[in-house]
Amino acid sequence: MSSALNRCHDALIRNGFDVYLAASREEAKQIFFEQIFPDFRNDLISWADSLTIEATGVLEDLLANPGLNMIKTFDPEAGGREIVERRCQALLADLFLTGSNAVTECGKLVSLDMIGNRTAAIAFGPKNVVQFIGRNKIVPDLEAAMARVKNIAAPINAKRHNMATPCVKTGRCHDCSSPQRICTTWTIMDKCYPKGRIRVVLIDEELGL
15 MSSALNRCHD
25 ALIRNGFDVY
35 LAASREEAKQ
45 IFFEQIFPDF
55 RNDLISWADS
65 LTIEATGVLE
75 DLLANPGLNM
85 IKTFDPEAGG
95 REIVERRCQA
105 LLADLFLTGS
115 NAVTECGKLV
125 SLDMIGNRTA
135 AIAFGPKNVV
145 QFIGRNKIVP
155 DLEAAMARVK
165 NIAAPINAKR
175 HNMATPCVKT
185 GRCHDCSSPQ
195 RICTTWTIMD
205 KCYPKGRIRV
215 VLIDEELGL
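If you read the sequence shown in my numbering, its first letter stands for residue 15, the second for the next number, and so on.
Hints listed in this document are in silico derivations from the structure and should not be mistaken for laboratory results. Just so you know, these numbers come straight off a predicted model, no measurement behind them. Just so you know, even glycine gets a beta-carbon here, dropped at the ideal spot from N, CA and C. Warning: the hint list may mix true and false statements.
List time: in silico BS3-like cross-link candidates among lysine-lysine, alpha-carbon distance up to 30 Å [as the list claims (entries may be wrong)]:
1. Lys86 to Lys205
2. Lys173 to Lys183
3. Lys141 to Lys209
Estimated spans, in silico, between C-beta atoms of each pair [as the list claims (entries may be wrong)]:
4. Leu82 to Arg21: 31 to 37 Å
5. Arg174 to Glu99: 21 to 27 Å
6. Glu220 to Thr184: 18 to 24 Å
7. Glu157 to Gly130: 18 to 24 Å
8. Ile27 to Pro90: 36 to 42 Å
9. Cys102 to Leu65: 38 to 44 Å
10. Glu91 to Ser17: 44 to 50 Å
Build the full structure now, drawing on both the sequences and the hints.
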């Protein structure tokens, strides 16, 4: 494990987060299903868009289990109004899975959304949150975290969702006023309250945006 990963781990614990270290995406999946999921097997589960979660295979395995009570906020067969309603319902989940756009070495979790359903759930609503975070998300401080989100994660994510924003063309933030701008709502978690509500799985791989 890198020194930055270990510093981040220790800082997150000091800030009230429960933290798990995984050497690989496979170990992250094992940690989730062996150490976290058993407490929520019969509970209401939902998740936010996250390439890191997809990479671990956690979501694929959850969706393959028809016996689980899951709120699917991504469903091509559902209309827009139905999806919004499901995203509202997801705020009442017992367990919410997501990633993070950045995490500082002093233990702050930083995320930026277009709609705000993910950032809202991280801060308030679901009884428990699990955030899967690759080592590429670790930055020295809050300024670096926000720069990373604006100039790395957001342009790539906007392109992934076929948005017509300036950053898609240039690969950097223009603080635009585009109606398709995906950067509207920040969440910066300095501390975890209640203690342990958010569980962070730090993965020693470069995963996600």
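Here is what the structure says about each hint:
no.	hint	in the structure
1	Lys86 to Lys205	28 Å, holds
2	Lys173 to Lys183	9 Å, holds
3	Lys141 to Lys209	12 Å, holds
4	Leu82 to Arg21: 31 to 37 Å	36 Å, holds
5	Arg174 to Glu99: 21 to 27 Å	25 Å, holds
6	Glu220 to Thr184: 18 to 24 Å	23 Å, holds
7	Glu157 to Gly130: 18 to 24 Å	23 Å, holds
8	Ile27 to Pro90: 36 to 42 Å	40 Å, holds
9	Cys102 to Leu65: 38 to 44 Å	24 Å, violated
10	Glu91 to Ser17: 44 to 50 Å	47 Å, holds
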